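**Q** Sequence:
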Amino acid sequence: MHALSLPTWWIHVASVLEWGLAMAAIQRWGKRRGEPEWSWLALAMTPALVSAMAACTWHLFDNAAALDGLVVLQAGCTLLGNATLALAAWNLNRRARA
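According to my numbering, the sequence shown is numbered sequentially starting from 7.
Hints listed in this document are in silico derivations from the structure and should not be mistaken for laboratory results.
As the structure is a computational prediction, the values presented were derived from the model and not from experiment.
All C-beta atoms in this analysis are idealised placements derived from N, C-alpha and C, irrespective of residue type, glycine included.
Each statement offered as a hint is correct.
Computed spacing ranges between beta-carbons, pair by pair:
1) 67 <-> 40: 42 to 50 Å
2) 72 <-> 35: 35 to 43 Å
3) 38 <-> 74: 37 to 45 Å
4) 103 <-> 69: 43 to 51 Å
5) 82 <-> 103: 29 to 37 Å
6) 71 <-> 104: 48 to 56 Å
7) 71 <-> 40: 47 to 55 Å
8) 37 <-> 11: 34 to 42 Å
Modelling step: build the complete structure from the supplied sequences, incorporating the hints.
**A** What follows is the structure, encoded as structure tokens:
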């Protein structure tokens, strides 16, 4: 666990928790408003959360070479997350204009 300083760990963990809470808040917001497209936005955030968790796991084990697959997983999840978030944002924009 020496790969990152304590303040950097604090930021990493806080960011992952914040992202999860944001997903829950968006899901709840959509249900209250009766607008299911918000639930799709919350779901679209999942790959980015998985990406962040993969990065934290890799750092937790001191960036071990045996876990290099996590770097590939993180990159793939980041790409997928960017695409799903763009699609969800497009869907929200389309619904707002309808």
